[in-house]
Amino acid sequence: MSEKIQRFDIPSKPTRIEMYRAFRTYLEKTMGEPLSKAWYADSPEERPELYADQPHLLKKGQPE
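Each residue of the sequence shown is one higher than the one before, counting from 248 in our numbering.
Hints were generated in silico from the structure; no laboratory data involved.
Some clues are possibly wrong.
DSBU-like, lysine-lysine: derived pairs with alpha carbons at most 30 Å apart [stated by the list, open to error]: (1) Lys-306 to Lys-260; (2) Lys-306 to Lys-276; (3) Lys-284 to Lys-306; (4) Lys-251 to Lys-276; (5) Lys-260 to Lys-276.
Label-pair ranges, simulated between beta-carbon atoms [said to hold, decoys possible]: (6) Lys-306 to Pro-281: 16 to 22 Å; (7) Ser-249 to Lys-284: 14 to 20 Å; (8) Phe-255 to Lys-284: 27 to 33 Å.
Every value quoted in this text rests on a predicted model; they were computed, and no experiment measured them.
Positions of the beta carbon are idealized from the N, C-alpha and C atoms, including for glycine.
Given the sequences, and given the hints that come with them, work out the whole structure.
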């Protein structure tokens, strides 16, 4: 009863958004279809928490 290990690539020294997108791609491949639209709303305005490690991409006055 050995389980097949599933792996997905995460870039070295990734930013939060790169990790999120790598995980999203993994889920798409695993499920075999696109995810809901909410998974693709990942701009700095829509998901500022994914850009906390890149403050230069956030607009001033936006929460980190």
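Results for each hint:
1. Lys-306 to Lys-260: holds (24 Å)
2. Lys-306 to Lys-276: violated (33 Å)
3. Lys-284 to Lys-306: It holds: about 23 Å lies between the C-alpha atoms, which stays within 30 Å.
4. Lys-251 to Lys-276: holds (15 Å)
5. Lys-260 to Lys-276: Within the cut-off at roughly 23 Å; holds.
6. Lys-306 to Pro-281: 16 to 22 Å: Given about 29 Å between the Cβ atoms, the range is violated.
7. Ser-249 to Lys-284: 14 to 20 Å: Distance hint for Ser-249, Lys-284 is violated at roughly 37 Å.
8. Phe-255 to Lys-284: 27 to 33 Å: violated (22 Å)
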